[in-house]
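S.K.: For reference, the chains in residue letters:
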Amino acid sequence: DAGVTQSPTHLIKTRGQQVTLRCSPKSGHDTVSWYQQALGQGPQFIFQYYEEEERQRGNFPDRFSGHQFPNYSSELNVNALLLGDSALYLCASSTTEDYGYTFGSGTRLTVV
Amino acid sequence: EDQVTQSPEALRLQEGESSSLNCSYTVSGLRGLFWYRQDPGKGPEFLFTLYSAGEEKEKERLKATLTKKESFLHITAPKPEDSATYLCAVQCLISGSARQLTFGSGTQLTVLP
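So the sequences go chain by chain: S and H.
Numbering-wise, the numbering used here puts 811 at position 46 of the first sequence, and it's gapless, one number per residue.
Numbering-wise, the numbering used here puts 186 at position 88 of the second sequence, and it's gapless, one number per residue.
Since the hints were made in silico from the structure, they are not lab data.
Computed from a prediction, not measured in an experiment: that's the story for all the values here.
Note that CB positions come from ideal geometry on N, CA and C, so glycine has one too.
Please note that the accuracy of each hint is not assured.
Stated by the list, open to error - Stretches of chain S that chain H covers, calculated by requiring three or more beta carbons in the stretch to come under 8 Å of a beta carbon on chain H:
id	region
1	781 to 791
2	813 to 827
Claimed, not checked - To spell it out: a stretch of chain H is covered by chain S in this simulated footprint if at least three of its residues, at any positions, have a beta carbon under 8 Å from a beta carbon of chain S; those stretches are:
id	region
3	133 to 145
4	169 to 177
Isolated chain S, as found in the complex (with noise of 0.2 Å):
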């Protein structure tokens, strides 16, 4: 049973430039929430998705933004690339009854 997968592993990118990140959730589950990690610190909460729609975001710029998919597959997306957006970015999935949450591995982003 594959578990939450995510692409790509790595990626470099220049200030000013835009990005897609990419997850598939795992078997049986049907939303998906995506956390931005900084080096040394805790993962923080960008945005969920649920029945393709947005449900709720954390305290992050419109330069964020996300999509779902018909088959609960997500992308992420930023625009207008800072230096700050240096980060390790993980993809959540879980089920509406569910509390917990199962993480991919990430993708770590650097903008030099």
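Fit chain H to the given chain S structure using the hints.
M.R.: Okay, now just chain H, sitting in the frame of chain S:
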């Protein structure tokens, strides 16, 4: 605003030397408190969920406990493979919430052979 504080930030133990990690939290109604283990460059791996004060859960050398203000992760006779960052997170009871997790900054545990 939900807050989670973990201590110590870093902990070095000799193999077999038992200890505890602390997670203090402030939340407007606790739905659950979660412990995760994270290895370098990897995503958090689920360990435990605790729902009410007095609850305890165990897994191998790890035992998690919960009070109304804090949680402890007790590590008994640790081994080098227990070296990792341990993250604590809370989930609140706000109606309509996406049940987001609010994480602490973690405790980096190193177990020396």
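S.K.: Look at each hint and say if it fits the structure.
M.R.: Hint by hint, here is what the structure shows:
1. 781 to 791: violated (count 0)
2. 813 to 827: holds (count 5)
3. 133 to 145: Held - the region 133 to 145 of chain H has 7 residues with a Cβ nearer than 8 Å to chain S, which meets the minimum of three.
4. 169 to 177: violated (count 0)
The structure is inconsistent with the numbered hints 1, 4, although it conforms to all the rest.
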